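Trainee: Given the coordinates of chain U, assemble chains Z and B onto it according to the supplied hints.
Residues per chain, in single letters:
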Amino acid sequence: MGSSGLNQKDILGIEDLERSDIELILQTARQFEEVNKRAIKKVPTLRGKTVINLFFENSTRTRTSFEIAGKRLSADVINISASGSSLSKGESLLDMAKNIEAMNPDIIVCRHSSAGASHILSRYLKASVINAGDGAHEHPSQALLDLMTVLKHRGSVEGLNVAIVGDISHSRVARSNIYCLQKMGASVSVVGPASMMPRDIAKLGVKVHHRLNEGLKEADIVMMLRIQRERIVQSPFPSLREYARHYGINHENINALKKDVLIMHPGPVNRGVEIDPEIADGPYSVILDQVTNGVSVRMALLYLLSGANSLSL
Amino acid sequence: MRQLLKAEEFPDSVKKLADMIQEEEPNADDIALVGIHTRGVPLADRLYQHFTQNKKNVHIGTLDINLYRDDLSEAGDKPILKETKIDFGITGKTIFLVDDVLYTGRTVRAAMDAIFDLGRPKRVLLVVMAKRPGRELPIDTSMTVLDVPTAPTDNIKVKFVETDGKDDVTVLEKGEY
Amino acid sequence: MTKILIKGGRVIDPANNIDGAFDVLIENDKIAAVSKAGQIKDSDCQIIDASGQVVTPGFIDLHTHLRDPGFEYKETIQTGTASAVAGGFTTLCCMANTDPVNDSFSVTDYIVRKALQEGHCRVHPIGAITKGLKGEELAPIGELKEAGCVAISDDGLTVQNAQLMRLAMDYAKSFDLPVSTHSIEANLCKTGHMNESLVSTKLGIPGVPNAAEDIIIARDIMLAELTGAHLHVGHLSTREGINLVRSAKSKGLKVTCEVTPHHFTLTDESLMGYDTNFKMCPPLRSAADVQAIKDAFKEGGVIDAIATDHAPHGIIDKEVEFDQAAFGIIGFETALPLSLRLVEEGYLDLSTMVRLLTESPAKTFSLAGGHLGAGAPADVTVFDPKEEWVLERDQVVSKSKNSPFLGKTLVGKVKKTIVNGVIRYGDAS
Numbered sequence: 001m002g003s004s005g006l007n008q009k010d011i012l013g014i015e016d017l018e019r020s021d022i023e024l025i026l027q028t029a030r031q032f033e034e035v036n037k038r039a040i041k042k043v044p045t046l047r048g049k050t051v052i053n054l055f056f057e058n059s060t061r062t063r064t065s066f067e068i069a070g071k072r073l074s075a076d077v078i079n080i081s082a083s084g085s086s087l088s089k090g091e092s093l094l095d096m097a098k099n100i101e102a103m104n105p106d107i108i109v110c111r112h113s114s115a116g117a118s119h120i121l122s123r124y125l126k127a128s129v130i131n132a133g134d135g136a137h138e139h140p141s142q143a144l145l146d147l148m149t150v151l152k153h154r155g156s157v158e159g160l161n162v163a164i165v166g167d168i169s170h171s172r173v174a175r176s177n178i179y180c181l182q183k184m185g186a187s188v189s190v191v192g193p194a195s196m197m198p199r200d201i202a203k204l205g206v207k208v209h210h211r212l213n214e215g216l217k218e219a220d221i222v223m224m225l226r227i228q229r230e231r232i233v234q235s236p237f238p239s240l241r242e243y244a245r246h247y248g249i250n251h252e253n254i255n256a257l258k259k260d261v262l263i264m265h266p267g268p269v270n271r272g273v274e275i276d277p278e279i280a281d282g283p284y285s286v287i288l289d290q291v292t293n294g295v296s297v298r299m300a301l302l303y304l305l306s307g308a309n310s311l312s313l
Numbered sequence: 314m315r316q317l318l319k320a321e322e323f324p325d326s327v328k329k330l331a332d333m334i335q336e337e338e339p340n341a342d343d344i345a346l347v348g349i350h351t352r353g354v355p356l357a358d359r360l361y362q363h364f365t366q367n368k369k370n371v372h373i374g375t376l377d378i379n380l381y382r383d384d385l386s387e388a389g390d391k392p393i394l395k396e397t398k399i400d401f402g403i404t405g406k407t408i409f410l411v412d413d414v415l416y417t418g419r420t421v422r423a424a425m426d427a428i429f430d431l432g433r434p435k436r437v438l439l440v441v442m443a444k445r446p447g448r449e450l451p452i453d454t455s456m457t458v459l460d461v462p463t464a465p466t467d468n469i470k471v472k473f474v475e476t477d478g479k480d481d482v483t484v485l486e487k488g489e490y
Numbered sequence: 491m492t493k494i495l496i497k498g499g500r501v502i503d504p505a506n507n508i509d510g511a512f513d514v515l516i517e518n519d520k521i522a523a524v525s526k527a528g529q530i531k532d533s534d535c536q537i538i539d540a541s542g543q544v545v546t547p548g549f550i551d552l553h554t555h556l557r558d559p560g561f562e563y564k565e566t567i568q569t570g571t572a573s574a575v576a577g578g579f580t581t582l583c584c585m586a587n588t589d590p591v592n593d594s595f596s597v598t599d600y601i602v603r604k605a606l607q608e609g610h611c612r613v614h615p616i617g618a619i620t621k622g623l624k625g626e627e628l629a630p631i632g633e634l635k636e637a638g639c640v641a642i643s644d645d646g647l648t649v650q651n652a653q654l655m656r657l658a659m660d661y662a663k664s665f666d667l668p669v670s671t672h673s674i675e676a677n678l679c680k681t682g683h684m685n686e687s688l689v690s691t692k693l694g695i696p697g698v699p700n701a702a703e704d705i706i707i708a709r710d711i712m713l714a715e716l717t718g719a720h721l722h723v724g725h726l727s728t729r730e731g732i733n734l735v736r737s738a739k740s741k742g743l744k745v746t747c748e749v750t751p752h753h754f755t756l757t758d759e760s761l762m763g764y765d766t767n768f769k770m771c772p773p774l775r776s777a778a779d780v781q782a783i784k785d786a787f788k789e790g791g792v793i794d795a796i797a798t799d800h801a802p803h804g805i806i807d808k809e810v811e812f813d814q815a816a817f818g819i820i821g822f823e824t825a826l827p828l829s830l831r832l833v834e835e836g837y838l839d840l841s842t843m844v845r846l847l848t849e850s851p852a853k854t855f856s857l858a859g860g861h862l863g864a865g866a867p868a869d870v871t872v873f874d875p876k877e878e879w880v881l882e883r884d885q886v887v888s889k890s891k892n893s894p895f896l897g898k899t900l901v902g903k904v905k906k907t908i909v910n911g912v913i914r915y916g917d918a919s
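One line per chain: the protein sequences are U, Z and B, in this order. Under our numbering, the first residue of the first sequence is numbered 1, with each subsequent residue one higher. Under our numbering, the first residue of the second sequence is numbered 314, with each subsequent residue one higher. Under our numbering, the first residue of the third sequence is numbered 491, with each subsequent residue one higher.
The hints are simulated quantities; they were obtained by calculation from the structure and are not laboratory data. No experiment lies behind these values; they were computed from the predicted model shown. By construction, the Cβ of each residue, glycine as well, lies at the ideal position given by its N, Cα and C atoms. Keep in mind that a hint or two might mislead.
[To be verified] Partner residues are not named here, just some residues of chain Z that face chain U (Cβ under 8 Å, in silico):
1. E321
2. F323
3. V327
4. L380
5. L394
6. E396
7. M425
8. D426
Excised from the complex, chain U in its bound form (with noise of 0.2 Å):
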């Protein structure tokens, strides 16, 4: 019997995992499909576990995905969404974590709009914390069913060439995967307007395109950012219809992507702005895809690390 490599207590960002922990989660969740496509989806394996879905951001996607896998596996899954709410009290995150801690939860699920906020449950809780996005920090868990998405299609991402389109600024997709394709091989680029370019990002070693059929012409996968206008202060684009003109992907400047290209979109698409709906539908889109993937994904991070906390800490 082998055992998993996975040395890691939380899973906080891709940027600390290395390639065979990455490889570790897919292969993990990719046994998690079979259980997927059952009549009786779910297994005993974390039966008495508990599992706590803490979001501080709305994220119905996010949120139902992690729950459907924790249930799955047989976790109790408890929903706690503290939007705005924990704050209003004068209570804070720490106190509100140290609470949840007393009930003795094994994995702590967290979506916050600060970045680093999984970091703080992390330093401070025995339990796992999985972070299910922070801020513009990173959203690991994406990621991952990204590439998950694109192995199924293509087998590998070794010499694939990605390009990220959108708000790179503001996205924590976008983080997560410049990472967890740079570590499995491909290369990344980003495409957008400057203004919406957070500074220094070539230093991560992605190319950056302002213009997308310059971005896109060499595309094998194109990663189209949603539009988060709520987490902007100011917008960094004119119009909407100005960004649908000149950074969507729609009828015309699709014909100039490689025949085989794949499409994917974290969601929600706000549709005929990023892409045009015909093609979120289309042949190349791997939306759903992606959605599917999730709940497989998610299922190994739970399993992973459900053991982790009875290491010696």
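Mentor: Frame of chain U, contents of chains Z and B only:
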């Protein structure tokens, strides 16, 4: 180290097990061989080859029981999961769980739980290369090649070309493994 | 008459060109004499044996936050000054961002009186530039001066309105008050919580570019030229800021500046891991900025003072999400060992380091002290430049423990601090 079975004895052993299986379930279409990872898989595969050579169309699958283990909460690192592949309907079939050695019975218990999550078989039976004393559950089988009276400190090692590079069954005494 | 004789140490008094084996005699609250070792008779004196140690004028800090009134859970005048003397400081200038803001005679008067009653060292308030630090209308600057303010500053905030800043400078000039600034262009740093760099990109934390600071420094230098007022650039952190101040000085403008120990010691790389004890404003900058500051120390004449920006915060301010955490760190107790690193690394000689903590800040804000001439206030600091020690949380004297140096080994320890002829820190022997 004591050798119990040589490589050249493997084909006869497979035939012996296959005969027992056929005796239990004469209808080939109702025979489902399910190899338990790791070394139940090559044994199930050889049984399948045997049936195929004899023009018997039986079903075959593989099973990873790690998700059903009773010691997961104790383990630190998690076992690496292997493929569970059962792409036939198991309801109504006679499932022959195939493993290398029957010892405590805990693996078989987990395998039965896994099987029942997949459907409702007619019967579940167990086929092993060797069995030894040390049961911790009310589980047993007569469908074995070897029945070895080992001490608790001994270990039976079944090897297959597919997993270990050679076919071989030995008893290792304490200190040898 | 109380007499204290500090014997056997290396006395450094840059104002009087003294650096060597001298003894210092204190009579009551004044320096009586500094003489070659062994020349002063030690009968009827309390003796302080300073052999192996350095004896200097008491340190003067142009930039501190004592949090009193209003935020006594972070610090009080009593605890803040206790921390100051533990760091060798005998004179503090405290910023106006209290609650109520120090924008009136009565708040300044409260600080002055409370410091006299319960303080361990001298405290000079700095008054607000604008009422309530709101950046809308001038505070009563003349009245603040009468009450005891030695400078004005909206520190913590920047006066964004250039016209208002011009008026403040014109007005302050009439009262001979320096205008100390906090230089951040508000729109450029609206959501910023750290230096804008590859590190902020990796951490996903919105950044504050150097330009946000440089723009205001440049603006204020131009206004200083326009008005002829004394501009004191507070906690300067950028390489371009250094260039701007250098060029202003070369034009003969009345421009001075200070740098904090953390800005010449740490870079933004320290933020990997999201430790809020590394969060300050201005933020920890890049290695290139730190190098430019160190080079400016070596060059001399650009930086006028090492100032702590001692900014105590409680755990409720710091043990929170990074973007919700308060800016700033405590600074008195680590200022000396961090400054000594500049000496160790060859950017300063020991005498110049002492000057930047004593004579030079005293001159910058026209304060008494900063030297050991006969008749000067008896404010003296004695430190061991070689002693290694670890900053343990429970040994921090400040009421707040928000230091990025907790658990770190530091070299150089204050042994005694004498304020106005009274030993305020260290054993009496």
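Trainee: Does L380 (chain Z) hold up as a contact with chain U if the rule is Cβ-Cβ below 8 Å?
Mentor: 4 Å, holds
Trainee: Given E321 (chain Z) as an interface hint, is its Cβ closer than 8 Å to any Cβ of chain U?
Mentor: 29 Å, violated
Trainee: Holds or violated: L394 (chain Z) as interface residue toward chain U, Cβ cutoff 8 Å?
Mentor: Given a least distance of 4 Å, the restraint on L394 (chain Z) holds.
Trainee: Should the interface hint for F323 (chain Z) be scored as holding, given a Cβ-Cβ cut-off of 8 Å against chain U?
Mentor: 24 Å, violated
Trainee: Quick check on the hint: D426 (chain Z) CB to chain U CB, less than 8 Å?
Mentor: 7 Å, holds
Trainee: Please check whether E396 (chain Z) passes as an interface residue: C-beta within 8 Å of a C-beta belonging to chain U.
Mentor: 6 Å, holds
Trainee: Are M425 (chain Z) and chain U close enough, Cβ to Cβ, to be under 8 Å, as the hint says?
Mentor: Violated. Min distance 12 Å.
Trainee: Given V327 (chain Z) was flagged as interface, is its beta-carbon under 8 Å from a beta-carbon of chain U?
Mentor: At about 25 Å, which exceeds the 8 Å cut-off, the nearest Cβ of chain U leaves the hint on V327 (chain Z) violated.
When each numbered hint is compared with the structure, violations occur for hints 1, 2, 3 and 7.
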